[in-house]
Amino acid sequence: MNLEALASCLSTSACAVTQVSTALIIGMLLFMVASGLSLIFGVLGVINFAHGAFYMVGAYFAYAAYQATESFAVAFLAGALGVGLIGILFERFIMSRVYGKDVLMQLLVCYAAILIFDDLVKIIAGPEYKMMGMPEAFALPPLEFGGGFVPAYYVFMILASLAIGIGLWLAIEKTRLGKIVRALAINPPMVSALGINTTMLYAGVFGVGSLLAGIAGALAAPTRTLTPGMGLSILIESFIVTVIGGMGSIVGALIAALLIGFTRAFGAIGFPLFVDGLMFAMMALVLILKPSGLLGREPAR
Amino acid sequence: MSEIKSGIGRRTFIGGAVAGAAVTGFPHIAGAQAKVIKVGMPTILSGRVAILGTSSIPGVQVAFNAINAAGGIDGRKLELVTRDSKGRPDEAAKVTRDLINNDGCEIILDGEASSGSFAVHEVIRDLGVLCLHTNSESSTLTADPKQKVKTAFRCARQGIHDAVAGGSYAAKIAKEKGLKKWMTISPDYAYGRDNTAEFIQYAKVFEPSIEVVDQLWPKLFAPDYTESITKTMQVKPQAVYSALWGGDLVAFIEQSNLYRVFQNTAFFSGGLGDPPILTAIKNLPQGLNTAYRYNKKFPDNPGNEQFNDEYVKLVKHEPTNWGWQNFVAANFVIEALKRTAGKTDGAALASEVSGMQLKTPLGVGGTITMRDTDHTIINYPVAWGKTVSKAPWVVDYVDTEWSKILEIEQQWKKEKGWA
Amino acid sequence: MKSGVLRDLAVGAVLVALLLVLPILFPKPALRDFLIYVMAYGLLAMSLNLLVGLTGLVSFGHAAFFASGAYMFGLLMQSGTVGIPVAMLATVGGTAVLALVIGAICVRLKEIYFSFITLAFQMFIHSIILTWVSLTGGDQGLRGGIPRPPFLGIDLNDAMTLYVFCVVVFILCIAIMRQVWRSPFGFTLRMIRDNPTRANFLGADVVRVKLGIFVLAGSMASVGGVLLALFVSGAYPEFGFWTTSGEAIFMIMLGGSQLFIGPVIGAVLLRLLDHFVTIYTDHHGLVLGAVILVIVLGLRQGVADYIVDWLERRRETRAAAASVASEKGAA
Amino acid sequence: MLSVQNLSKSFGGVQATRDVSIDFPDGSLTAIIGPNGAGKTTFFNLISGAIRPDAGKVVFAGQDIVGRSSLEVVRLGMARAFQVAALFPSLTVKDAVTAAVTSHQRKSWTLLQRFPLEGTQHRTDEILELLGLSSKANTLSRNLSHGDQKLLDIGLALAMDPKVLLLDEPTAGMGPDERWRMIGKVQHLWEVKKMTVLFIEHDMDIVFKIAQAIHVLKYGAVLAQGTADEIRRNQDVIDAYLGTDHHLAHAAGQE
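Residue numbers (UniProt numbering), protein chains in the order written: chain A, 1 to 301; chain B, 1 to 419; chain C, 1 to 331; chain D, 1 to 255.
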C-alpha cells in the first residue's frame with residue numbers, strides 16, 4: 001500500500017484531475033449499464049443477467065452501423081435503439097413467461113440468452129477482435145484541465161452519460177408516466193385497475209433498461225475491443241454496482257458506480273493489488289449491513 | 001465375467017443400454033486398418049479467446065491439405081477433428097480423452113492455452129499417444145523435468161526464449177536512446193507475470209542501467225485500461241513493456257492513443273506482432289517495438305508467403321502466431337508418420353519427433369529443431385521489429401542469435417535446478 | 001418406515017450394479033470417463049439441491065466448495081504426506097469448516113440477498129485461487145499431476161479401479177444425502193423451505209438449521225471436487241467460477257428439484273447434451289441456449305419433475321375415468 | 001400464568017400498543033377484540049417474541065420473556081396460530097404435524113433415523129383426531145379447504161404442547177355456519193387440553209358466547225375488560241366500538 005503516492009497525487013492538480021476524470025470515465029459507463037439493470041429489477045422484480053450480452057450487442061450494432069455509414073451519431077442510435085428493440089422482444093416472448101417463477105428460472109432463461117447472443121455474434125461478426133476506431137470529430141489532442149489531460153471523447157462520454165442519467169431520473173420522478181412506473185413497481189394490480197396496460201408498460205420498461213445497455217455498448221465501442229463474450233466482465237461489475245447502490249435505485253447506481261470508479265482510479269495509485277478485494281469487500285459489507293443496498297428500499301411483501 | 005470381457009473385447013457394437021449406447025455408440029474402426037489417420041485438437045473455440053482456436057485450425061489444415069493432395073501417408077489421408085474446450089482446463093482434459101477414446105484420434109495437436117495445456121499434458125501422460133502442444137508458451141510445461149511426458153512435445157515459442165531475445169533487443173534500444181526509467185503493464189495472470197519478470201530480468205542483464213520504476217497488473221480481459229494509462233502518465237517512464245495480447249492489447253493501444261501516450265514513451269510489446277491485432281487497431285502508432293508473432297515477409301522466403309496465401313484462402317485474415325505454430329506442428333506429425341510408414345503408436349512416433357530437424361519455411365535457416373532433451377522447438381524466429389502504419393505493419397526485424405539464447409537458457413535452467 | 005429403507009437399499013443396489021456392469025458390457029474408456037464426470041458433477045448438483053430443492057436456499061456460489069474440495073485434496077496429495085483416504089477425510093473436514101465460516105454470514109440473509117452473498121463469496125474464493133499463485137498455481141491450476149499412491153492394496157492408477165472407487169464413493173454420498181432427504185432433519189428443512197417464519201414458531205432454530213445444511217451440502221460438494229481432481233489429475237480455478245455453479249443449477253433445473261435423484265438425471269442429460277453438441281457443432285452455445293429455452297418455457301419445470309407430475313396426472317385422470325365408468329356400469 | 005405489564009410499542013410515529021396490562025389466569029379462555037387497526041395482532045406479536053416491545057414486561061412461566069426470541073418463547077410453552085393460516089404447502093397434513101411434533105420433541109436435528117420417528121406417531125394421530133383431520137392425513141396442505149387450513153394451523157400449534165395458545169382470528173374468512181363449527185372445536189380443545197387460550201375475534205356473538213374474559217383494544221390501548229355481560233353493558237365499548245364496527249363485522253359475516 002502506497003498512501004504517500006496517493007497523497008502526493010491528490011496534492012498536484014494535474015494528477016488529481018487526471019485520476020478524477022479516470023474515475024468518471026470508468027464510473028459513468030458502468031452507471032449506464034447498471035442503471036438499466038437496476039431499473040428493470042426495480043420495476044419488474046427480475047434480474048436481467050443477460051444485460052451484459054445486451055451491452056455487447058449494442059457495441060456490435062454501433063460497430064456495424066459505423067462501418068456502413070461512418071457516422072457516429074448513426075452508430076450511437078443503432079446501438080441504443082437496436083438493443084432497446086431486442087429488449088422489448090426478449091421481454092415479450094421470453095422473460096414475461098417466467099415472471100413470478102422462482103429466480104432460478106429467470107437465471108436460466110438469461111443464461112440461455114447469453115449463450116445464444118455470444119454465439120450469434122461469433123457466427124455473424126466472426127471471432128476476431130473488432131475495433132470501431134475513433135470518429136473524426138473526436139480525433140483531437142486531449143483537453144487540458146488544470147494540468148491534467150482528458151481525451152475529448154471521454155469528455156463527451158461523461159457528459160452524455162450524465163445527461164442521459166439525469167433525463168432518466170427526471171422522467172421517473174417528475175413525469176406522469178414516471179409516477180405510473182413507480183406505482184407499477186409497488187403495486188401492479190392497482191395500476192392495472194386504473195385502466196393502464198401494464199403488459200405494455202413492462203415491455204416498455206424492459207426496453208428502456210435494455211436501451212441503456214445498448215447506449216453503454218455504443219459509447220464503449222470507439223475505445224474498447226469488441227469480442228464475443230465481452231459482456232461478461234461488465235455484467236459482474238455492474239452487478240456489484242447494483243447490489244451496492246440498491247436494486248432498483250437509479251441514484252444508488254450512480255453513487256455506487258462512481259464509488260467503484262474512484263476506487264479503481266485512486267486504487268491504481270495507492271493500493272493497486274487491493275482494488276478487486278476492496279470491491280468485493282464493499283459488496284459483502286453492504287449485503288451484511290443493509291442487504292437492500294445503500295439506497296434500495298426494502299422489498300415490499 | 002472374464003468370458004464376457006474377452007467375447008466383447010474388441011468388437012464394435014451398435015445399440016444396447018441407453019447410456020452405454022449413447023456415449024459409445026459411434027462405431028469407429030480402430031487401429032491399423034483405418035483408412036484415415038485422425039488427429040484430434042482440443043482448443044478454445046468460444047468466448048473471448050475463440051480466435052486462439054479459429055486461427056490454429058487453418059494452420060493445421062494448410063499442412064494436411066498439402067499432404068492429402070499428395071496422396072497422404074501410404075494412401076491414408078489425415079483428418080483433423082477439433083473440439084471446443086470453452087477455455088476450461090477440466091473440459092480440455094475431457095475432450096482430449098474423448099478424442100482419443102471415442103473418436104479414434106491417434107495423435108493430439110493440443111491447441112489449448114497454457115492452463116488447458118497442463119490438463120491435456122496429464123491426459124497424455126495417462127494415455128500415451130503422441131501429442132504436440134501448439135499454443136502453450138509457458139516455459140514450465142517442458143523445461144521442468146518433473147513435467148516431462150515421453151510422448152508430449154511443445155511446438156510453440158517458449159517464454160524463456162522470448163525473454164532472452166526481447167531482453168537483448170530492449171537493452172540495445174535502451175543503450176542507443178538512453179531509456180533508463182521503465183515501467184511494465186501486463187495482465188495479472190501466470191503468463192503475464194512470468195513473461196514480464198523474465199523480460200525485465202534479461203533486459204537488466206544486457207543493460208544494467210535499466211530501472212523499473214513501477215509495475216501495473218490490470219486484470220486479464222479487462223475492457224478498460226484508463227486507470228493504468230493515466231497512472232503511466234503520472235509516473236512518466238521513458239519506456240513501457242507490456243505482455244498484453246489479443247483484444248486486450250488492441251483496447252490498450254487505442255485507449256493510450258487518446259492520451260497520446262506513445263508520443264514520448266517508447267513501447268515494447270510481446271504480443272503486438274500478430275497480423276489480426278495489427279489490422280484491428282485503427283490508429284497504429286509508428287515505431288512501437290514488438291516481438292515477432294507472424295509476418296509473411298519474415299522469414300522472407302517464397303515458402304512462407306505460400307503458407308500465408310494458403311492460410312488466407314481458408315479464413316479471411318492473415319495467420320496468427322498460433323497459425324504458424326500449428327502449421328509447423330502438423331508438419332512434424334506428417335514427417336514422423338512418413339518415417340514410421342503410417343504407424344501411429346505413440347512411442348514410435350515420439351522417438352521420431354524427438355530431435356527431428358524439420359525443414360520448414362518458418363525456420364531460421366530453413367529448419368526448426370525439436371530438441372530431444374526437453375521436447376521443445378528451437379531455431380524458430382524470435383525477432384523484434386518496429387511498427388509502421390501500413391502493411392506489412394512490422395518491419396526492420398532484428399534477429400537474436402540462437403546460440404546466445406541457448407547459452408543463457410542453459411544458465412537459467414541451472415538456476416532453476418532443472419539442468 | 002422400515003420398508004422405505006429397504007426400498008432405498010434395493011434401488012441403491014440396482015444403481016451400483018448398473019454402474020459396475022455398464023463398463024463391463026461396454027468396455028470403452030469413454031463410457032467410464034463419461035460416468036466419472038457425471039458422478040463428480042452429479043454430486044455437485046445433488047448437494048446443491050439439498051439447499052435449493054430441500055431448504056429453498058438458492059445458492060449461486062456452491063461451486064466454491066467443489067473447488068475447495070479439488071484444491072485441498074490436490075494439495076494434500078501433492079504434499080506427499082498422507083494417503084488418499086486421509087486426504088479425502090481431511091478435505092471434507094476442511095471444506096466443512098470453510099462452509100461453516102461462509103455459511104455463518106450467508107444464512108442470515110434472506111432470499112435473493114442470500115444468493116448474492118453466496119455469489120460474492122464464490123468470487124472471493126475464485127480470486128484467492130487466482131492470486132495465491134505460490135500455493136494454487138494461479139490461473140494455470142495445480143500442475144504436475146495429483147499422485148495416486150496405492151492404499152489398502154487399491155491402486156487408483158488403474159483406470160477400472162479408479163472407476164470402481166468413484167462409484168463406491170458416489171453411492172456412499174448419495175446414500176448419505178438420501179438419509180438426509182428422508183430424516184426428521186430433512187423434514188425440518190422442508191418446513192423451512194415452505195415457511196421459515198412458521199417453522200420458527202414451531203421451535204425450529206431456522207438460522208442454525210440452515211447453517212447445518214449449508215455445511216453438509218458444502219462437504220458433499222467437496223467430495224465431487226475430490227473425484228474430479230482425482231480423475232483429471234489436477235485442479236483448476238474454473239472449478240470455483242460462477243459458471244460451474246450455473247451449470248449445477250442448470251442440472252437441477254433440467255432434471256428436477258423435487259425428485260431426489262433429479263439432479264443426477266440432469267447431470268446425465270446435460271453431459272450427454274454437451275457431449276453430442278460439441279461433437280456435431282462448434283456452435284455449442286446456440287444449441288444449448290435453445291434447449292434451455294425450450295425446457296424452461298415449454299415444460300416450466302425439470303424433466304424428471306415433469307415426468308413425475310405427468311404420470312400422476314395420468315393416474316388421476318384414469319382413476320376419474322374408472323370411477324365414472326363404474327358409476328355408469330352401476331347405472 | 002401469563003401476564004403483561006405496561007406493554008408499549010411504536011412503529012415510526014404510530015403507537016401500536018399503549019401501556020397495556022392484562023393478566024391471563026391459567027386455564028382461561030380469553031378473547032381480544034377491537035376494531036381494525038386496534039393493535040390486536042401486534043399485541044400477539046409482542047407476547048410471542050416476534051417483535052420486541054419498547055417498554056413493559058411479559059411475564060410467562062414465572063419469568064420476564066421480553067427480549068427472548070420467538071423460538072425461546074415457543075420452547076417455554078407458548079404457541080400460536082395465524083390470521084392467514086401459516087402452513088407448509090408442499091407437505092401432507094400428517095407430515096406437517098409430525099414434523100412439528102418432532103420439532104417439539106427437540107428432534108429436528110435427527111439425521112440417523114428415518115422420518116417419521118416412532119415416538120411421534122401417537123401424538124400426531126391424537127392431534128389429527130382432536131381436530132377431525134384424520135381423514136385428510138395424506139392430503140397436501142395446499143389442497144385443503146380454507147377451514148381445514150385454519151384447523152391445521154391450530155394443529156401445528158398444538159404439536160408444541162402449549163401451556164398458552166394464541167389464536168389470531170381462528171374464524172377469519174369463514175361463513176357463519178363454518179365459524180360456529182370452528183369455534184366449537186376451539187372450545188372443545190380448550191376443555192380437553194386445559195390450556196390458557198387467547199383468541200382474537202371479530203364476531204361478537206361468538207365472543208360473547210364462549211369467552212370467559214374479554215379485553216377490548218382501541219388504538220393500542222385497553223378500552224375495557226370484563227365478562228361478556230360487563231362488556232355488553234360498557235358504555236365506552238358501545239360508543240366506540242359496538243355502535244360502528246359490530247354491525248360492520250356482522251354485515252361482513254353475513255356475506
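Check each hint, because a few of them may be wrong.
[Said to hold, decoys possible] Straight-line distance between alpha carbons at most 25 Å, and here's what the computed PhoX-like set of lysine-lysine pairs gives:
#: 1; chain 1: B; residue 1: K316; chain 2: B; residue 2: K338
#: 2; chain 1: A; residue 1: K290; chain 2: C; residue 2: K110
#: 3; chain 1: B; residue 1: K35; chain 2: C; residue 2: K28
[Stated by the list, open to error] Quick look at which bits of chain A chain C covers, simulated, 3 or more residues with Cβ under 8 Å:
#: 4; segment: 92-99
#: 5; segment: 149-160
#: 6; segment: 275-285
[To be verified] The calculated label-pair distances, taken between Cβ atoms and stated as ranges, are:
#: 7; chain 1: D; residue 1: Q113; chain 2: A; residue 2: N197; range: 55 to 63 Å
#: 8; chain 1: C; residue 1: Y306; chain 2: B; residue 2: N283; range: 53 to 61 Å
#: 9; chain 1: A; residue 1: W169; chain 2: D; residue 2: D205; range: 51 to 59 Å
#: 10; chain 1: A; residue 1: L143; chain 2: C; residue 2: I105; range: 57 to 65 Å
#: 11; chain 1: A; residue 1: L285; chain 2: C; residue 2: Y306; range: 36 to 44 Å
#: 12; chain 1: A; residue 1: L285; chain 2: C; residue 2: I176; range: 33 to 41 Å
#: 13; chain 1: D; residue 1: E72; chain 2: C; residue 2: Y306; range: 40 to 48 Å
#: 14; chain 1: D; residue 1: S134; chain 2: A; residue 2: L285; range: 34 to 42 Å
None of these hints come from the bench; they were simulated from the model.
Positions of the beta carbon are idealized from the N, C-alpha and C atoms, including for glycine.
Going through the hints against the structure:
1. B:K316 with B:K338: violated (31 Å)
2. A:K290 with C:K110: Measuring from Cα to Cα gives roughly 12 Å; hence the hint holds.
3. B:K35 with C:K28: Within the cut-off at roughly 21 Å; holds.
4. 92-99: It holds: at least three residues are needed, and the segment 92-99 of chain A offers 3 whose Cβ sits within less than 8 Å of chain C.
5. 149-160: violated (count 0)
6. 275-285: Answer holds; 5 residues pass the 8 Å Cβ test.
7. D:Q113 with A:N197: 55 to 63 Å: For N197 of chain A against Q113 of chain D, whose Cβ atoms are near 56 Å apart, the range 55 to 63 Å holds.
8. C:Y306 with B:N283: 53 to 61 Å: holds (56 Å)
9. A:W169 with D:D205: 51 to 59 Å: holds (56 Å)
10. A:L143 with C:I105: 57 to 65 Å: Given range 57 to 65 Å: violated, Cβ gap about 46 Å.
11. A:L285 with C:Y306: 36 to 44 Å: Holds, at about 42 Å.
12. A:L285 with C:I176: 33 to 41 Å: Given about 36 Å between the Cβ atoms, the range holds.
13. D:E72 with C:Y306: 40 to 48 Å: holds (43 Å)
14. D:S134 with A:L285: 34 to 42 Å: violated (53 Å)
In this structure, the earlier hints numbered 1, 5, 10, 14 are contradicted, and the remaining ones agree with it.
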